[in-house]
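There are 2 protein chains.
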Amino acid sequence: MAKITPRSQDFSQWYLDVIREADMADYAPVRGCIVVKPYGWALYENMRDLLDKRFKETGHVNAAFPMFIPMSFLQKEAKHVEGFSPELAVVTVGGGEILEEPLVVRPTSETIIGYMYAQWIKSYRDLPVLINLWNSVVRWEKRTKPFLRTMEFYWQEGHTAHATHEDAWAEVMRMLDVYHKHGVEDCAMPSIKGRKSINERFAGAVNTTSIEAMMGDKRALQAATSHDLGQNFAKAFEIKYLDRDNTEKYCWTTSWGLSWRFLGALIMVHGDDQGLRLPPKVAPIQAVIVPIFKNDAEKSAVMAVCERLFQTLKAAGIRVKLDEREETPGFKFNDWEMRGVPVRIEVGPKDVANHSVALARRDMPGKAGKSFVPQDGLVERLRALFDDIHASLYKQAEDFQRANIREVNTYEELKEATQDGWALAPLADDPAVDTRLKEELQVTNRNFPFDQPEGDWKCVVTGRPVRERALVAKAY
Amino acid sequence: MAKITPRSQDFSQWYLDVIREADMADYAPVRGCIVVKPYGWALYENMRDLLDKRFKETGHVNAAFPMFIPMSFLQKEAKHVEGFSPELAVVTVGGGEILEEPLVVRPTSETIIGYMYAQWIKSYRDLPVLINLWNSVVRWEKRTKPFLRTMEFYWQEGHTAHATHEDAWAEVMRMLDVYHKHGVEDCAMPSIKGRKSINERFAGAVNTTSIEAMMGDKRALQAATSHDLGQNFAKAFEIKYLDRDNTEKYCWTTSWGLSWRFLGALIMVHGDDQGLRLPPKVAPIQAVIVPIFKNDAEKSAVMAVCERLFQTLKAAGIRVKLDEREETPGFKFNDWEMRGVPVRIEVGPKDVANHSVALARRDMPGKAGKSFVPQDGLVERLRALFDDIHASLYKQAEDFQRANIREVNTYEELKEATQDGWALAPLADDPAVDTRLKEELQVTNRNFPFDQPEGDWKCVVTGRPVRERALVAKAY
Chain A
1 MAKITPRSQD FSQWYLDVIR EADMADYAPV RGCIVVKPYG WALYENMRDL LDKRFKETGH
61 VNAAFPMFIP MSFLQKEAKH VEGFSPELAV VTVGGGEILE EPLVVRPTSE TIIGYMYAQW
121 IKSYRDLPVL INLWNSVVRW EKRTKPFLRT MEFYWQEGHT AHATHEDAWA EVMRMLDVYH
181 KHGVEDCAMP SIKGRKSINE RFAGAVNTTS IEAMMGDKRA LQAATSHDLG QNFAKAFEIK
241 YLDRDNTEKY CWTTSWGLSW RFLGALIMVH GDDQGLRLPP KVAPIQAVIV PIFKNDAEKS
301 AVMAVCERLF QTLKAAGIRV KLDEREETPG FKFNDWEMRG VPVRIEVGPK DVANHSVALA
361 RRDMPGKAGK SFVPQDGLVE RLRALFDDIH ASLYKQAEDF QRANIREVNT YEELKEATQD
421 GWALAPLADD PAVDTRLKEE LQVTNRNFPF DQPEGDWKCV VTGRPVRERA LVAKAY
Chain B
1 MAKITPRSQD FSQWYLDVIR EADMADYAPV RGCIVVKPYG WALYENMRDL LDKRFKETGH
61 VNAAFPMFIP MSFLQKEAKH VEGFSPELAV VTVGGGEILE EPLVVRPTSE TIIGYMYAQW
121 IKSYRDLPVL INLWNSVVRW EKRTKPFLRT MEFYWQEGHT AHATHEDAWA EVMRMLDVYH
181 KHGVEDCAMP SIKGRKSINE RFAGAVNTTS IEAMMGDKRA LQAATSHDLG QNFAKAFEIK
241 YLDRDNTEKY CWTTSWGLSW RFLGALIMVH GDDQGLRLPP KVAPIQAVIV PIFKNDAEKS
301 AVMAVCERLF QTLKAAGIRV KLDEREETPG FKFNDWEMRG VPVRIEVGPK DVANHSVALA
361 RRDMPGKAGK SFVPQDGLVE RLRALFDDIH ASLYKQAEDF QRANIREVNT YEELKEATQD
421 GWALAPLADD PAVDTRLKEE LQVTNRNFPF DQPEGDWKCV VTGRPVRERA LVAKAY
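Chains as they are written, first to last, in the numbering used here: chain A, 1 to 476; chain B, 1 to 476.
Everything labelled a hint here was simulated from the structure, so no lab data went into it. The structure displayed is predicted, hence computed values, not measured ones. Yeah, the Cβ is synthetic: ideal placement off N, Cα and C, and Gly gets one too. Keep in mind that the hints are not guaranteed to be accurate.
When the alpha-carbon atoms are kept at most 30 angstroms apart in a straight line, the in silico DSSO-like pairs for lysine-lysine are as follows [as the list claims (entries may be wrong)]:
(1) A:Lys314 with B:Lys56
(2) A:Lys321 with B:Lys56
(3) B:Lys56 with A:Lys299
(4) B:Lys122 with A:Lys332
(5) A:Lys321 with B:Lys122
(6) B:Lys458 with B:Lys474
(7) A:Lys3 with B:Lys122
(8) B:Lys281 with A:Lys281
(9) B:Lys314 with A:Lys181
Covered stretches of chain B, going by a simulated chain A footprint (3 or more residues, C-beta under 8 angstroms) [stated by the list, open to error]:
(10) 62-68
(11) 84-95
Let's have the full structure, built from the sequences with the hints guiding it.
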């Protein structure tokens, strides 16, 4: 039954095997593109809806912008075009004619946002503008790794405009916090908030922040970013407002994004050698009912109970599936374990007689995760169990993260620590330092965590005095 | 205060004025493209979510397919490529290099769906496949009319595969019915289900069905289509399954789509000279609270009541807005009327004293739509009022539709009836007939309604005997 490579043997192959066997996604006929299959997309939709709720609770509204951007727009912000030019998909023919000005398929929407905001924003009364877009963007990419590296990827991009830099920076931090909380509270995924190095800033930003999460192979994944764009785009696109003092001022803008990489991270943080393990809040199926019987007489009694439980759980708003396929219970157990369903509900002839069911937790293997409970009160019991499972998945991930970050003070210690984990190292915010780490150790400065004591440190690369330490790791 | 052109004066200009003044959408810097602003997008999201619920209730699941399709795919189905070639946007450059094979930005996804289904479907046990996509597609178009005519448009496209033609046809009709019900029950919009003429079939379909709705200017709008693709795409892409009898057979496929034209239709069916009128089930704001006061003492008493009512309604799940802007009540009344909010709740000093509020219905102008009710029980009263408003909007639209369809039996009658309404006319299903109607009268065969008695008619154009009548009208 071993359909997937063990994690310890080849983590990367394990990831691809899980995606395939859990029926999450497939390769598209265009290089770099994937098709997200219904099970994978249902997971994405659940994550999207929970994040969208957080956006709306913090005063944001959604809108829709076109996928095409005139090539000339990208050239208005110098660093932006430099950063994105090599990755563009360009439409040169439309309606059978060669276009006078080629159109870029958006790699991100700051430029067209800037163009429209310049028209919409007149006065301080129009600020802040707090808009989010759910869409897909294209950045040319020939290698494909589902969700982690794709040419077209689905994401959300938030774009806001403010009267002061203080307001803009508060927004940057607010949204970074929203991403962090989405990870912790919806996806049971810990991450570390911090500021990106100068070298790793978004093209056109004056400051980029990120949350970094530790995957099951101890590599780091940038799970979301939130950018302070200063007045760079406001000046490039003339986004101005008339202030209370009757003078015209440039706005301060931000942007922030989280893509379906987050879904890839979810797989890599929680998955095990039996497949996916999904946190209940985002799982497409939270509980699956598997009937167990040997003959027709048993079947009809068992199925009657299963059907009744199914209707009860469904009516209570639990995402429940009744597995009526003509397969063995063993096949079904493996299948739903592979798909990461948090709770399996087994109903056999004894359960019919005893008004009980057997519950099996996906997050705890074998007997430890199994319990026998009455059919009455199953809804409440499941709800409590979902909370437990969420907490247990989070604790496992957080323990793992904590155990694999080492504080270091020398280059040698950094080198050793990042062979198999993360290092927290005093580091200068200098592109030359980033480059050296990448070239010599194949590691990167992930971020300077916000939550750390300042100190009188010495950069482990340059020896220069620094006030902060950085997380350094091999990364996706 | 007349910000918009009267409907009776220039319907087309009225439509554009409403879109602008209700802050629904704006023109993008790329010809043919629009930006949907937050208020317009909130309406689209509400419509989308209600339709999506109907899809899921009928057993469908969502997935995501790439926006890029290899040019060669389109060429595999002869009529399909013929139909879509003139409308394609083509990516010829990617990552700085000229592509060996150009990529088409999807105009619709039948071809890439066909390619993937051929890999996924092996056995009769895999059928039916019932997948829906929410995305945007591109069909080259230089003229722009927000929601009605845009180069990129948002829509959903359903794609299903079945073992028999009977199953496929049942799906075609099931989804046409879902669209019809979405119109009637969610959007208070009547429409007529029928079969498209041969001439108007989707490129590659063996049969196309539609729902046709009457706009406020009596022109017809094809609000959604559902296609029987026969085995055309199955044969072009080798979508085959092994049947119970152990022989390999081609699948039967369908596709069906509804775009943001439906939102445009909603505006044109319900709107009046004061602006939008939105059915409560899809309205972004279902009720707006407008405080009325003359001085600070009144203000604090009035605002306390407004705030309490706002929290009560919000907690009950009503989409409510409290308008705290520093504008006059009259300005606010006009503004929310323009935006089509179904119910306005006015709270003044007398209401504070009497524990009452004034309710004003958007669907009934002036005093007829106004009532004074107690603050207690407002939630239940509003819910009932929403149902009333929905029913009243539907009745107005249906009465209008019925009053403006004329049964005709001669070409002269057809000509006269379609000057200012629809005709129901005996008509041959012959492309030459469709062409003649278009050229001579600038009208089109909308569909052959399913719900009509068969008869021994004579085609009003050719005089040939026919069994069915067609709806004929000027159309969007």
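Structure versus earlier hints - violations, ascending order: Every hint satisfied by this model.
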